[in-house]
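Chemist: Here the protein sequences line up with chains A and B, keeping their order.
Positions in the first sequence are counted from 1; adding 373 to them yields our numbering.
Positions in the second sequence are counted from 1; adding 584 to them yields our numbering.
Worth flagging that the hints you see were computed from the coordinates, not collected in a lab.
Idealized CB from N, CA, C, for every residue including glycine.
There may be inaccurate statements among the hints.
Said to hold, decoys possible - To give a feel for the contact side, a few chain B residues facing chain A, derived at Cβ under 7 Å:
| hint | residue |
| --- | --- |
| 1 | Leu621 |
| 2 | Arg895 |
| 3 | Leu937 |
Said to hold, decoys possible - Not close to chain A: a few residues of chain B, all C-beta gaps over 10 Å, as computed:
| hint | residue |
| --- | --- |
| 4 | Phe595 |
| 5 | Ala668 |
| 6 | Ala742 |
| 7 | Ala746 |
| 8 | Leu760 |
| 9 | Leu763 |
| 10 | Ala850 |
| 11 | Gly854 |
| 12 | Ile862 |
| 13 | Ile880 |
| 14 | Ala887 |
| 15 | Ile891 |
| 16 | Ser908 |
| 17 | Arg918 |
| 18 | Leu929 |
Said to hold, decoys possible - Computed footprint of chain A on chain B; a stretch qualifies when at least three of its residues, placed anywhere within it, have a C-beta under 8 Å from a C-beta of chain A:
| hint | stretch |
| --- | --- |
| 19 | 776 to 788 |
| 20 | 864 to 875 |
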Amino acid sequence: MFDLGHLALVVAILSPLLAAIIAGSSMLIGTRIPGERTVVRMLWAGLLSALLASAFIATAYATSWPVPLHGEIDFGSWIAIGDYEIPAVFLVDQYAVAFSLLGAVLTALVARFSETYLHKDPGFFRFYVLLGLFAAGTQLLAFAGSLDLFFAGWEAIGIASALFIGFFHERAEPVRSAIRAFTTYRLCDVAFLIAIVATHELVGSTRLADLGRAESLPTLEVSLIAFLLLIAAFGKSAQLPFSGWLVRAMEGPTPSSALFYGGISIHAGLYLLLRTAPVLGMAPWAAMFGATVGLLTAFYASAVVRTQADAKGALAQATLAQIGLILAEICFGWTTLALVHLITHALLRVWQYLRAPNMLHDAHHHAHHEHRTHAATATDTALSRLRRRLYVEQLHRFRLDDRLDALVAPVLALAHWLQRIDERWFDRDERRRTDTEA
Amino acid sequence: MTPEPIILRLFLSALVALLVIAPDLMARGRPSAATLLNATLPALALLMPHGTLAYGLLALATGAQAYQARPAGLQAVAMLLVSALALGAAALLLAGPSALAFYMSILALILRAGLLGLHGGMSVLWRKLPTLQVQQYTTLLVLVFSHLRFSDHATAQAAADAIVVLGASSALVFGLTSLVQRNLDGLLRASMLMHGGFMIAATGAAGKGHAVAALFVSLSMTLAVVGLCLMVLALEARVGKVTLLHPGGRARAFPRLAAAFGIFGAAGVGMPGTAGFIADDLILHALWSESVYATIAVALASALLAIATLRAITLCFMGPQTGSVAPDLLPAERLFAFGLILLLLVSGLTPQLVVGASVGLFGSI
């Protein structure tokens with residue numbers, strides 16, 4: 374039966390999306406692009422509705438008032454063909470309620486902050502439409518009761534994230550960074566997609582509540598699904614070896630950096646692992662691998678953060694270190710601790726990111742003093758040479774991006790080779806044309 | 585047995601006719617006589633109750649398109665071959681579904697979709713007759729539909745694995761080459777061929793009972809690719825041929841065009857909320873039972889094209905902004921863009937509308 378609880382779930386997810394669609398449509402078919410005040414009103418209506426709905430769901434979950442709301446909430450099938458189904462099912466539990474509230478509150482705060490921060494910016498309209506898409510994606514991610522729905526929210530967040538990184542698109546660097554982040558996301562998402570299909574085919578369902586059924590599978594198959602989910606999480610949460618995009622992502626506007634890389638998006642990978650914790654629990658080798666990567670990322674980021682010269686870059690590394698620790702906690706099975714750690718970390722980081730411009734000013738004198746002290750005590754011993762070498766490596770973030778690029782280079786070389794063959798055999802006109810252009 | 589949902593066929597028929605005349609309507613305000621012919625024949629083919637009539641009309645349609653495609657040389661020959669194969673299938677279907685009719689039909693489909701190695705004339709046609717290219721791509725949907733309806737099921741089942749692997753491999757190669765394109769035409773060509781590979785793979789999987797998925801995949805890919813083609817035509821009408829060597833900085837001059845371009849591009853690579861997302865999900869599930877390799881290849885191809893599409897969007901529209909005396913999307917162009925986006929959104933958010941009707945047509949998965 375469709376009751377208040379169902380309505381609240383629909384409002385939480387669809388109201389920001391509708392606001393973004395209405396704003397986008399008014400731009401596409403209207404005679405002129407809506408002004409700042411109009412777009413803010415449209416999006417505020419959506420974000421506020423989502424926040425209220427999220428608060429309602431939290432109340433109903435905690436107190437069963439005015440309606441009891443917990444467990445699977447079924448809306449039927451999103452798509453059903455014979456015995457194949459993508460269920461329109463939501464899962465309301467402590468993880469969902471906490472993540473939804475966190476997302477709704479932080480998004481609303483950042484929307485308010487950005488109203489002043491981005492006033493008169495040429496991308497003001499774009500920023501708010503993307504914020505609507507992101508808010509809808511976050512709520513869908515929070516309440517998704519099946520991996521298919523989870524992936525829809527996951528992708529919406531990924532696309533919004535890439536477009537926010539390239540927000541100041543008149544400069545080349547943000548655009549390059551956006552493509553790099555998106556590339557990492559999409560390639561890691563291939564693992565997620567295959568994990569979804571494999572779960573459906575091997576477990577028989579992609580409902581999160583049914584993941585316990587994976588227990589009947591052979592260890593190899595469960596481990597395969599767990600490894601694929603881990604890779605997806607590594608990409609989204611910037612764990613090794615995919616950490617390079619996070620520092621580059623700081624090219625976006627400060628409010629979006631705060632929301633995405635302090636608050637929600639960077640924690641989405643961890644949230645995926647919290648939701649699929651039963652699978653991880655059945656695959657000890659995968660869990661051990663995840664914990665190792667998390668701890669290694671924490672060490673890596675702790676080393677690199679000591680050499681960062683800019684506030685947002687340092688914050689990105691500090692965030693990475695904590696994310697690595699939370700990942701390890703999840704892999705050790707300490708999911709409640711991980712949830713608390715995740716929420717408190719997100720709140721702290723959003724505040725720090727939003728304060729980043731001031732923080733730089735506050736810390737300037739201190740940093741200068743520290744640097745002079747180090748310079749004065751340096752001597753030319755083996756230890757000091759090692760330290761200098763380490764310092765240079767830290768400064769270059771252990772050349773992680775270069776190493777990944779070296780891995781991708783053969784793939785690109787293959788693509789160029791295929792293209793040359795294609796032009797030689799099938800499209801000579803194109804070859805002549807591109808030669809002329811070059 | 586569920587009666588055939590005539591509404592779906594009427595809808596597809598109207599959609600195909602509209603997509604075929606869209607480039608003419610956007611550019612000149614009225615369709616030419618040749619365009620009307622290209623719109624009517626495939627639209628009628630969708631409504632035919634018998635395979636012979638459907639393939640006969642398709643043969644006529646592709647024959648007429650081949651005649652118009654004479655300046656494109658090789659592609660005109662390929663289109664003529666498609667026409668001959670469709671005619672052969674029509675003749676054979678007089679005696680009922682057979683293995684030979686199946687192979688003629690799938691060969692016609694493969695030629696039209698541009699399977700790797702048989703894709704030679706695609707870019708020539710786009711360069712010389714872009715409108716006709718859009719029309720022939722739209723006709724591909726009709727070919728898929730007719731193939732799913734009238735082909736021999738036993739042969740389809742036997743050939744499924746090979747067709748799936750061929751289609752997925754083709755998609756992967758074109759997904760890979762999309763990364764290194766140096767102009768927008770090249771990207772569009774790679775995108776059309778990659779999606780063509782998707783459709784071939786999906787049609788192959790239909791042999792093992794995934795016909796509904798195949799139709800949904802073809803429909804959503806057609807909407808997304810034709811939408812992208814229309815936006816490229818609109819852009820090139822304003823600024824000429826577009827290279828992807830340097831940032832173009834056109835977002836401020838053409839904000840609506842940039843937004844619509846981005847949405848069609850994203851829908852083609854599975855953006856949530858659009859039909860492309862459901863299509864990606866369906867095709868992966870359908871392929872898994874045939875071949876894990878094909879599943880991974882298709883997932884990778886989609887990811888690679890997504891990266892290439894974002895790169896193209898940034899290089900077309902982002903960077904230091906340049907002014908233009910040309911206007912942004914005109915009302916007729918906006919109407920088409922908005923209509924197609926709406927269709928992609930509606931079929932993405934409520935896919936059961938299309939799927940439910942298709943189940944009645946093809947039976948369950």
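Chemist: Regarding the assertion that arginine 918 of chain B does not contact chain A, is the least Cβ-Cβ distance greater than 10 Å?
Modeler: 6 Å, violated
Chemist: Any Cβ of chain A at or closer than 10 Å to isoleucine 880 of chain B, or is the non-interface label fine?
Modeler: About 6 Å separates isoleucine 880 of chain B from the closest Cβ of chain A, which leaves it inside 10 Å; violated.
Chemist: Classify the label on alanine 668 of chain B as holds or violated, using whether its beta-carbon is more than 10 Å from each beta-carbon of chain A.
Modeler: 22 Å, holds
Chemist: In terms of Cβ atoms, is chain A entirely out of 10 Å range of glycine 854 of chain B?
Modeler: Non-interface label fails for glycine 854 of chain B: nearest chain A Cβ at 7 Å, not farther than 10 Å.
Chemist: Answer holds if the nearest beta-carbon of chain A is closer than 7 Å to that of arginine 895 of chain B; otherwise answer violated.
Modeler: Holds, because the Cβ-Cβ distance from arginine 895 of chain B to chain A comes to roughly 6 Å (cut-off 7 Å).
Chemist: Quick one: work out the minimum CB distance from alanine 887 of chain B to chain A and report holds if it exceeds 10 Å, violated otherwise.
Modeler: 4 Å, violated
Chemist: Say whether it holds or is violated: leucine 760 of chain B keeps its Cβ farther than 10 Å from all Cβ of chain A.
Modeler: At roughly 5 Å from the nearest Cβ of chain A, leucine 760 of chain B sits no farther out than 10 Å, so the non-interface label is violated.
Chemist: Say whether it holds or is violated: alanine 746 of chain B keeps its Cβ farther than 10 Å from all Cβ of chain A.
Modeler: 21 Å, holds
Chemist: With d taken as the least Cβ-Cβ distance between alanine 742 of chain B and chain A, does d exceed 10 Å?
Modeler: 21 Å, holds
Chemist: Tell me if chain A covers the stretch 776 to 788 of chain B under the three-residue, 8 Å CB rule, please?
Modeler: violated (count 0)
Chemist: The output says phenylalanine 595 of chain B does not contact chain A. Does that hold with a beta carbon cutoff of 10 Å?
Modeler: 18 Å, holds
Chemist: Is the claim that serine 908 of chain B lies outside the interface with chain A correct, judged by CB distances over 10 Å?
Modeler: 16 Å, holds
Hint compliance for this structure: hints 1, 3, 8, 9, 10, 11, 12, 13, 14, 15, 17, 18, 19 are broken, all remaining hints hold.
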